[in-house]
Amino acid sequence: GEDVEQSLFLSVREGDSSVINCTYTDSSSTYLYWYKQEPGAGLQLLTYIFSNMDMKQDQRLTVLLNKKDKHLSLRIADTQTGDSAIYFCADQGRGGGNKLTFGTGTQLKVEL
Amino acid sequence: DTAVSQTPKYLVTQMGNDKSIKCEQNLGHDTMYWYKQDSKKFLKIMFSYNNKELIINETVPNRFSPKSPDKAHLNLHINSLELGDSAVYFCASSQEGPKETQYFGPGTRLLVL
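Residue numbers (my numbering), protein chains in the order written: chain A, 1 to 112; chain B, 1001 to 1113.
Honestly, the hints are just simulated from the structure, not real lab data. Do not rely on the hints blindly, as some may be mistaken.
Unchecked claim - Where chain A lies over chain B, by a calculated footprint (3+ residues, C-beta under 8 Å):
1) 1007 to 1020
2) 1023 to 1030
3) 1100 to 1113
What the hints assert, rightly or not - Partner residues are not named here, just some residues of chain A that face chain B (Cβ under 8 Å, in silico):
4) Phe9
5) Arg13
6) Leu43
7) Leu45
8) Gly82
9) Ser84
10) Ala85
11) Leu100
12) Phe102
13) Thr104
14) Gly105
15) Leu108
Note that the Cβ used here is the ideal one computed from N, Cα and C, for glycine as well.
Please model the entire structure based on the sequences and the hints provided.
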């Protein structure tokens, strides 16, 4: 089955850039997503990228996709304390039902 | 207006009980989902329904039974609750088709004692 992996923790200083990495195994992925989960809250969609793109920028967020290596990254510029949360990448394969396979989540901690 | 809502937000119950979690979406979406997030924050899909029809049924014990009375509602009934069922259960919805964003509810935190 599909597998999506992320590093568990990332700590950065306020104002620095954060880069959260994700690897996946499903070669039939159509879309890849980044979701943010704040403590005690649900999941908020941040951005997504179609599998035939290699980069997408949306304000402070930049998504890079290396399809050959099955590697996805999310860069947050000028990281703020409000960015502290768990970030999940998710892979949508070609199978029916729009099934999302989530990564293990990366806990981002932003320090002053 | 809340797009995807779940009730209750918190649920504490004894082992062996039967409980239901309700989900409603007012986005006019055709597809609804249940996900389970365990204590390590790992998220996994359980079920998805499209227009009241079951599409995805992952390896979930048959003590879990989803019910979709209409396409705006997807409820989750759990029989004979076990300690390992303690988790956060998220409902989500989307339009049908790839690229359609899934919108998540706030979650129901279930604790089985």
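Going through the hints against the structure:
1. 1007 to 1020: violated (count 0)
2. 1023 to 1030: violated (count 0)
3. 1100 to 1113: This one holds; 8 residues, not fewer than the three required, reach chain A with a Cβ under 8 Å.
4. Phe9: violated (12 Å)
5. Arg13: Since chain B brings no Cβ nearer than about 24 Å to Arg13/A, farther than 8 Å, the hint is violated.
6. Leu43: holds (4 Å)
7. Leu45: holds (5 Å)
8. Gly82: violated (19 Å)
9. Ser84: violated (14 Å)
10. Ala85: Because about 11 Å separates Ala85/A from the closest Cβ in chain B, which is outside the 8 Å limit, the hint is violated.
11. Leu100: Holds - the Cβ of Leu100/A comes within 8 Å of chain B, reaching about 6 Å at its closest.
12. Phe102: holds (4 Å)
13. Thr104: holds (6 Å)
14. Gly105: Interface hint status for Gly105/A: holds (5 Å vs cutoff 8 Å).
15. Leu108: violated (13 Å)
Of the numbered hints given earlier, the model fails hints 1, 2, 4, 5, 8, 9, 10, 15; all others are met.
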